[in-house]
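Number of protein chains: 2
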Amino acid sequence: MNTPLGITQLEQFDAQDSLVAKRDAFVLPPNTIYLDGNSLGAMPKVAATRAQDVLATQWSQDLIKSWNSHSWIDLPGTVGEKIARLIGAAPGQVISCDSTSVNLFKVLSSAMLLQQGRKIVVSQAGNFPTDLYMVEGLSSLLGQQNCQLQLVDNNELESALTEHVAVLMLTQVDFRSGRLLDMQRLTQLAHEKGILVIWDLAHSAGALPIELDACNVDFAVGCGYKYLNGGPGAPAFLYVAKRHQADVVQPLSGWMGHKTPFSFDNKYDKAPGIEQYLTGTPAILSMSVLDAALDVFSDVDMSTLRQKSLALSDSFHKLVKQHDALAELTLLTPLSAAERGSQLAYQHPKAYALCQALIKRGVIADFRAPDILRLGFTPLYLRFRDIWHAVEILADIVQSGEYLKAEYAVKHKVT
Amino acid sequence: MNTPLGITQLEQFDAQDSLVAKRDAFVLPPNTIYLDGNSLGAMPKVAATRAQDVLATQWSQDLIKSWNSHSWIDLPGTVGEKIARLIGAAPGQVISCDSTSVNLFKVLSSAMLLQQGRKIVVSQAGNFPTDLYMVEGLSSLLGQQNCQLQLVDNNELESALTEHVAVLMLTQVDFRSGRLLDMQRLTQLAHEKGILVIWDLAHSAGALPIELDACNVDFAVGCGYKYLNGGPGAPAFLYVAKRHQADVVQPLSGWMGHKTPFSFDNKYDKAPGIEQYLTGTPAILSMSVLDAALDVFSDVDMSTLRQKSLALSDSFHKLVKQHDALAELTLLTPLSAAERGSQLAYQHPKAYALCQALIKRGVIADFRAPDILRLGFTPLYLRFRDIWHAVEILADIVQSGEYLKAEYAVKHKVT
Chain E
27 MNTPLGITQL EQFDAQDSLV AKRDAFVLPP NTIYLDGNSL GAMPKVAATR AQDVLATQWS
87 QDLIKSWNSH SWIDLPGTVG EKIARLIGAA PGQVISCDST SVNLFKVLSS AMLLQQGRKI
147 VVSQAGNFPT DLYMVEGLSS LLGQQNCQLQ LVDNNELESA LTEHVAVLML TQVDFRSGRL
207 LDMQRLTQLA HEKGILVIWD LAHSAGALPI ELDACNVDFA VGCGYKYLNG GPGAPAFLYV
267 AKRHQADVVQ PLSGWMGHKT PFSFDNKYDK APGIEQYLTG TPAILSMSVL DAALDVFSDV
327 DMSTLRQKSL ALSDSFHKLV KQHDALAELT LLTPLSAAER GSQLAYQHPK AYALCQALIK
387 RGVIADFRAP DILRLGFTPL YLRFRDIWHA VEILADIVQS GEYLKAEYAV KHKVT
Chain B
27 MNTPLGITQL EQFDAQDSLV AKRDAFVLPP NTIYLDGNSL GAMPKVAATR AQDVLATQWS
87 QDLIKSWNSH SWIDLPGTVG EKIARLIGAA PGQVISCDST SVNLFKVLSS AMLLQQGRKI
147 VVSQAGNFPT DLYMVEGLSS LLGQQNCQLQ LVDNNELESA LTEHVAVLML TQVDFRSGRL
207 LDMQRLTQLA HEKGILVIWD LAHSAGALPI ELDACNVDFA VGCGYKYLNG GPGAPAFLYV
267 AKRHQADVVQ PLSGWMGHKT PFSFDNKYDK APGIEQYLTG TPAILSMSVL DAALDVFSDV
327 DMSTLRQKSL ALSDSFHKLV KQHDALAELT LLTPLSAAER GSQLAYQHPK AYALCQALIK
387 RGVIADFRAP DILRLGFTPL YLRFRDIWHA VEILADIVQS GEYLKAEYAV KHKVT
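Taken in order, these protein sequences are the chains called E and B. Residue numbers are given in the numbering used here: position 256 of the first sequence equals residue 282, and the series is strictly consecutive. Residue numbers are given in the numbering used here: position 342 of the second sequence equals residue 368, and the series is strictly consecutive.
Derived by calculation from the structure, the hints in this document are not laboratory data. Incorrect hints may appear among the rest.
Since copy identity is lost for identical chains, a pair holds within one copy or between any two.
Said to hold, decoys possible - Derived BS3-like pairs (lysine-lysine); straight-line CA-CA distance at most 27 angstroms:
1) K296 x K268
2) K293 x K376
3) K91 x K431
4) K376 x K91
5) K268 x K219
6) K285 x K376
7) K386 x K91
8) K108 x K268
This is chain E alone, in the form it adopts within the complex (with noise of 0.2 angstroms):
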């Protein structure tokens, strides 16, 4: 299409989208365009009013009682398995805990014990630092010549896929580049060397369709802040594949993923199916708020998703050609929709001070060191014409000049 795009057609395809009364489930500041939402998702209307009824009903008045009349004790089961229909897993596979960093080190444990006599990891370099860490956290107890992290470029990936590799762990979307890569043919072809695949769901959970057990998927963990508003550091989540379900071992065995927790053995006895992956008791508040923000994906088709996502990153991408001014943003992600995730990621030499001015303005993005602005696209709360309105906001702090003001010169703490 080489019609240039203006807002009477963004405000078209808002009139023409299935997904645009989903807005109204979500309290979102005024003046704000949030494109962000695949750093920390908006606040889901049900998520605070679960909230106020933990506090006012269940933890106040029915105290300790309601680990059994409010349910707490299944929470992280019922997390599970709303977010499993949202990754392509069956029942019985998926569970509510902890960190996502944490539940890695549970599934790169078991991985790598099920792995015994291999000893590589291979991952992409620039992964999520979390997910690299883990693996050195877990060497420092397996010590080097059992675990040893492999880090190859993405066009390396595929060759170097051998007999010696034990675990392949990847980021399906990547958190800087938004590059999505193809779990289908990336889990088949380690599969044919006999190297088990973790896959890290932060940034596609809830973003895009995923089918773990249609691609034979070994293990998987994800994070629950992000695509799926779950609110700041929201619970995580893990899958394993019950076909591995009886045989691994998890060293973070606590009580919670005993057989009978209740029987306060001296002896661990891990429970038979995905729960064996709890450690401790969840944090029962932060878990009830995922619970109900998952709620809001309860009648979403996630292809319906996609395609909105899609479009919304195509519209931004074309208005920003459209600009002049902005010819000197380079564009990091891939623009076939089959490696692209739900964010655009632009390199430029000023990324941060942009970044700050847009925010400044109300566009809520993000800068990833050293000099990428990211801007991420949650079809549940984002309009066609937020993304016109974002671009000009852009392109006109550009022209002005206004981002080269001192103030946006300064690095913040968080970004």
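Could you slot chain B onto chain E? The hints should help.
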């Protein structure tokens, strides 16, 4: 004192109680005597107010900016320092994160890695199961030849401390019996044999004065949702003595424990201080509530709290002894103040049914398998007159045979 204890005297105790006003800081259910604060602390009013602020302002309105503007990024340290004051730790040694179980895995790993060449972890038989299971979990990675659990009875503890032992891992107050161990003496005896010591403070932090620094403790972990009133499944905490912080390695090396988390380096470079024990993103909502809840302690003198705690449990037991109907209750908790935590545990052949009948009458106690009735005394919100009524109800239940009703015979899921 041989004169029987009466309600008048208990009301007098209330009149003289300098902590009596603290009860107003909590939301408590009507017609309830809550003797289970050692399982789940009651809700402080400030906790609910803070949760509301996190939802209505921080998350929903300020969104990602809250990491700086509402100091989310500092929360683990802020909370840690508030707890430090309660457990006798100078600044820079306590941090809040994850669950007690996960934190135990971190410090246990650190201790074992420091103690290369020694493989034995000594603990109490009957210690809280998660503590023991975590040693098993670590063994699955280090191998039985490098990490092995040795369980001893309380009276064998001291003789078990030999040069072959790597780590002594104890819970200061036993979750079942309520027995309080001598932290100073056991830590010193262990150190004399080159053993590192880990204390689990789950049933002591917030319940009695603790002096980690003065006792020269190496590592400690503890729970946020019992006597600290942080809400169900609130984040836990850990302590690592300053003298170990440069040398330790902890395997759950997530991005939050990195020296510069936002540089997103491929290589893990641990933070120099206690922050190295952070792993993933903290559950901000749950941790904020804990942060607010700790403010209830800001003007509390821990010796005063301890005196009231002992007086509450003394009164309870005296009243029990005054009732012939309660002769079948056998006290498991040592009566000596030096050996008693903030709870009483009674053995009774029908302890489960007794507990259920009590709950039905508004006295919330709890049951621990196979035959223990457990009563927790939280000086911040319990009155002496509550103790009187609780024992009256208990005696009435036994005398009337009410607890023998069929409805109390079936075990519920969570106790």
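Hints breached by this structure: Hint check: nothing fails, all pass.
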